[in-house]
Structures are given as C-alpha cells and as structure tokens.
Amino acid sequence: MADIYTSANRVCVWLGENVDNAHLVFDHIARWKARCAEQKARGTFGSSDHLNRPHYEGPTLEAYHDMIQRPWFSRTWIIQEICFSHSAVVTCGPCEEDWWLLCNRIAEYGGFNYHPLNHTTPSDRWRMLADRQMLISRKNGRVRKIGLRDVANILEYSNLCGAMDPGDKVYGILALFDGLPMSVDYCKNIADVYQEFTKAVISASKALSILHLAGTKRILSDLPSWVPDYSVTAPLGVMPDATDRSFMHGDTGNVGWHVCVPVPGEVNTQITLSGKMVGSIAVMGPELVATTDNIAGSTHFTSTLRAPLRPHARPNDSGRTKAFLSIVRWRNQHHFLEWYKAYGKEAFPVDHIAALQQRGRAYETHLEFEPSECVTEYASEMESACYGRAMFVTDDGTLGLAPPDARRGDALVFLAGGFCPFVLRRRQDDAWTLVGDCYLYGLDPFVLWDDESMLVARYTLR
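To convert, note that position 125 of the sequence shown is 125 in the UniProt record's numbering; the numbers rise steadily by one, no gaps.
Heads up, some of the hints might be wrong.
In silico DMTMM-like pairs for lysine to aspartate or glutamate, Cα to Cα no more than 20 angstroms straight-line [stated by the list, open to error]: (1) K206 - E196; (2) K188 - D165; (3) K217 - E156; (4) K33 - E96; (5) K206 - E266; (6) K206 - D178; (7) K276 - D450; (8) K217 - D405; (9) K188 - D229; (10) K276 - D444; (11) K217 - D229; (12) K188 - E97; (13) K217 - E266; (14) K206 - D405; (15) K276 - D451; (16) K276 - E452; (17) K188 - D222; (18) K33 - E97; (19) K276 - D430; (20) K206 - D165.
Quick list of simulated restraints, FRET-style, between CB atoms [what the hints assert, rightly or not]: (21) N9 - D451: 51 to 61 angstroms; (22) C187 - G58: 27 to 37 angstroms; (23) N9 - M277: 55 to 65 angstroms; (24) S74 - L117: 15 to 25 angstroms; (25) T269 - K33: 47 to 57 angstroms; (26) D396 - D450: 13 to 23 angstroms; (27) H115 - W72: 46 to 56 angstroms; (28) A290 - T269: 28 to 38 angstroms; (29) Q428 - D3: 45 to 55 angstroms; (30) G93 - A37: 16 to 26 angstroms; (31) A234 - T433: 17 to 27 angstroms.
Read the hints as simulated data drawn from the structure, not as lab findings. Every residue, glycine too, gets a C-beta built ideally from N, C-alpha and C.
Using the sequences and the accompanying hints, generate a full structural model.
Set out below in structure tokens:
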C-alpha cells in the first residue's frame, strides 16, 4: 500500500455525502482563501490581519464537529494514506479541498492530550495526524521513512484508531518505518504478528519505548506477557512521558540504561533482557477506575490512592505526601501548586506548602495564570496517570503506581532500554511474566545504572 500511495499523483479522501451541513466547512475555507488572494493582490499578505484566521461559529462550527467524527478519521490506514501521498484532497459530496489546507485550519482547534474519560476529540486526532505527516520527508522524489526512535510517536496516534482486522493495527503502520525487517503476511495469526513486530522494534531501536505504550488492559489472551495488545483502542494507564523520545536520544554505541540488547536467536514467544532489580511490592491498593466519581481531588480519588498507605501512616508525614503528589511528573509547577492549594492540603496536611508557593511565585511574576484553569490542567494530568492503575508500597516503604494485576511479592526491575521500571513475576519455569510498567517515586535511572553495587541480571520474559 505504501508503494501505491507514494507513486500516486494524488490521494483522494472520500468522507461521504454532503450531510449535516458539511458544505459550510468548505465554504468557510473558500472564503478564507479568497481573503488571502485579496491580500496578495494588495501586497499585504502576511500582515497582522492575515494571522488571525476567521474562526468557525454557529452552524459552521457544528458542521465541523459532525464532519470530523466520520469513520475515516478513526482508521489505522489513514496514517499511510496521508504520510506517503504527494498531495491529498478531501472530498465530501460535491465539495473538495486540499487536505493540508483543511487540516491546517482545523488543527487549530485540536490539542495533543488523551484523557481516559474525555478521550480525544476528532480535532485532536487531525492535529496529531498532521504532525505525524511531517515526520515523513521527501528529497529528489524519494521518501525518507520514519526512524525507529519515533515508533512511539506513531503508536500514540495508531493506538487511538480502529481496524476491522486486528493485524492491521500493525500492518497499517509497518511501512512507515525504515529498517524494520518484517513483511506483511495475513496468513500469520495475530499473536505471531504482534510478537514479531514487538521484537523487531525492540531489536532495531535498542529501546523499550514500545512497551511503555501498552497500557494496563488486554483483550487477546494468547499473547506472551511482554507483547503489547495492539488491538486495544485507546489503552488505559499509559504512563506520563511515554512518548518522550528524549530518553532514547543518547549515543546508543555506549552501553547504558537507555540501550536494550535482547539475546539473539530466541524463539518468538520469549525475549531476554538485562536489568537491575530495585525492590518488590509489599502492599497493593485497589485500582483507580476511570469514572466521573473518581476525579482528582474528590474524596474517593484520594481514599483509593491512600489505601495502601494506611498500614504505614504516621501523623504529619510530609514525605509520603510529597511522594504521592510527585507520582505525576508535573511539568508546570504553577499548575501543580494551584491544584495542591485547592485539594492537596485538605487531603494531605503537610508542612512544605511554603516552598511550593515560593516556586509558584517565579511563574506568577511574568506570566498570567487563571487558577481554575491550572487546577483543571493538573487534575487532568493526574487522572491520566492514575486511572487504570493502583498505588503500591515497596518493601522499603517507597510509593509507586502499578498495573492493577500486580500483587504482593512481585519484583520491580529496571530493564535496560526503558524509562521506568517494570513489574515482573517469577514463573515456575524460572522465566518471568511481565505484568506491566510502573512508576517508582524517587528512582533516578542514571544513578541506578551507574551503581556498580547493584548487579545486572538477565530476565527471560514469556
């Protein structure tokens, strides 16, 4: 399919008939194009009045929302259709418009965040698709495919898409990657396809980023524990920063924590990786289910996450509170501070609020923030990190977030090539079951991997 899209002069995207006033969206773009042409004729194109494009309003905005909820936008194959095409045109009934122009206009309404309750809007998907298209480059008529370090970038989008054939969740994106030794074969069963793809990506990229996008739930029961279930749409419990490629951008020629080198020649059903054991689970709490009753700051949200802390509770224990609140690696300290002032003090009385306020003042001096928006932003990040997971306490009293299937006695192992630890469970055959990845408070992977007192061991996952 990639060869077809690459050699075609143009890809035509058929959205369906002109229903639900879809023509209003195309009329809107036509008026904007006419305005641009008029500015060019006057020699004012690119001036300040050009920068503020007219926004959708009223019936046009409703038509836009209806149009981008059509089935085409949720198909896995559209990533290839758009990324490999020289140009693409979107057709809806008698209406027609250049894909990039329509995408560029609509993408202004989209963001990048997926939330387990609010999911992702069609605008978000369109904007994400536009960004992935830019990963494909052309030079002298030749297509430069995506490097394997960007596999997480593609999977972030394809995880939100569906496919009639579960194998297409892999085959629909396979041709995007350069240097992946795998071909399309619909005679293989789904488990074999997913196994081959996962091992090929890990071996070629020398990283485990693909395992951090698996989430905490599965549909297929015949997969080895280390193979993600790509048939799951919008996986729950993907850890924050799972798509941050900066963890893998070091010099892969130097053996370090960011380099994964699987043992070659193994059967497809297992993979052997190097890692360091950092502890074990002593207490597991209940799963934080993604429901409207469990919004961040609510009593139920707090009590669910605090459940494993009760046996270790001490009055005015600021350390455990700080650990709890640091489970989400917040990027904006002001957002965190506003959430903490609204909910954290009441839920967890601590003595370090003054230090947090001092951090926040640095942002207040030169930026304007609406406190309510900050609270909402941080709460959304916290919910995305915690939903589908459970709080746990390690044997040495450290806190973390793990898949709900984890249990007491499971090992916490930092595998080379990952960016956070994995929960492993020993099998009777001395191999290991990979339960999922986890967040462990206070763990510095660079320090861990440089600590020669902690021995590196090999873990065979099945």
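These are the hints, each one checked on the structure:
Taking the CA atoms of K206 and E196, the gap is near 15 angstroms; set against the 20 angstroms cutoff, the hint holds. The hinted pair formed by K188 and D165 meets the criterion: a straight-line CA distance of about 12 angstroms does not exceed 20 angstroms. The suggested pairing of K217 with E156 holds, with an alpha-carbon distance near 16 angstroms, which does not exceed 20 angstroms. A threshold of 20 angstroms between alpha carbons decides the hint, and for K33 with E96 the separation of about 13 angstroms falls inside it, so the pair holds.
With a C-alpha separation of about 16 angstroms, the suggested pair K206 and E266 falls inside the 20 angstroms cut-off, and the hint holds. Restraint check: the Cα-Cα separation between K206 and D178 comes to about 14 angstroms, which is no more than 20 angstroms; the hinted pair holds. Of the pairs offered as hints, the one joining K276 and D450 holds, with about 11 angstroms between alpha carbons and a cut-off of 20 angstroms not exceeded. Restraint check: the Cα-Cα separation between K217 and D405 comes to about 9 angstroms, which is no more than 20 angstroms; the hinted pair holds.
Between the alpha carbons of K188 and D229 the distance comes to roughly 16 angstroms, so the proposed pair stays at or under 20 angstroms and holds. At roughly 13 angstroms between alpha-carbon atoms, K276 and D444 fall within 20 angstroms of each other, so this suggested pair holds. Between the alpha carbons of K217 and D229 the distance comes to roughly 8 angstroms, so the proposed pair stays at or under 20 angstroms and holds. Using a Cα cut-off of 20 angstroms, the hinted pair K188 and E97 is violated, with the two alpha carbons roughly 39 angstroms apart.
A C-alpha spacing of about 26 angstroms is found between K217 and E266, which places the hinted pair above 20 angstroms, so the restraint is violated. Proposed proximity of K206 and D405 is contradicted: the alpha carbons are some 27 angstroms apart, above 20 angstroms. A threshold of 20 angstroms between alpha carbons decides the hint, and for K276 with D451 the separation of about 10 angstroms falls inside it, so the pair holds. With a C-alpha separation of about 10 angstroms, the suggested pairing of K276 with E452 holds against the 20 angstroms cut-off.
Between the alpha carbons of K188 and D222 the distance comes to roughly 14 angstroms, so the proposed pair stays at or under 20 angstroms and holds. At most 20 angstroms may separate the alpha-carbon atoms for a hinted pair to count; K33 and E97 meet this at roughly 11 angstroms. Note on K276 and D430: the hinted pairing holds, with a Cα-Cα distance of about 17 angstroms set against a maximum of 20 angstroms. Restraint check: the Cα-Cα separation between K206 and D165 comes to about 29 angstroms, which exceeds 20 angstroms; the hinted pair is violated.
For the pair N9 and D451, the beta carbons lie near 58 angstroms from each other, so the given range of 51 to 61 angstroms is met. In this structure, C187 and G58 break the distance hint of 27 to 37 angstroms, their C-beta atoms being roughly 53 angstroms apart. For the hinted restraint 55 to 65 angstroms between N9 and M277, the CB-CB distance of approximately 56 angstroms keeps it satisfied. Range check, S74 to L117: Cβ separation about 18 angstroms, and the 15 to 25 angstroms hint holds.
Taking the beta carbon of each, T269 and K33 are about 55 angstroms apart, inside 47 to 57 angstroms as hinted. Range check, D396 to D450: about 20 angstroms between beta-carbon atoms, so the 13 to 23 angstroms window is met. The beta-carbon spacing between H115 and W72, approximately 23 angstroms, falls outside the hinted interval of 46 to 56 angstroms. Between A290 and T269 the Cβ separation comes to about 32 angstroms, which falls inside the hinted range of 28 to 38 angstroms.
The hinted range of 45 to 55 angstroms is satisfied by Q428 and D3, whose Cβ atoms lie roughly 48 angstroms apart. Between G93 and A37 the beta carbons are some 24 angstroms apart, a value that agrees with the proposed interval 16 to 26 angstroms. Take A234 and T433: their Cβ atoms lie about 25 angstroms apart, and the range 17 to 27 angstroms holds.
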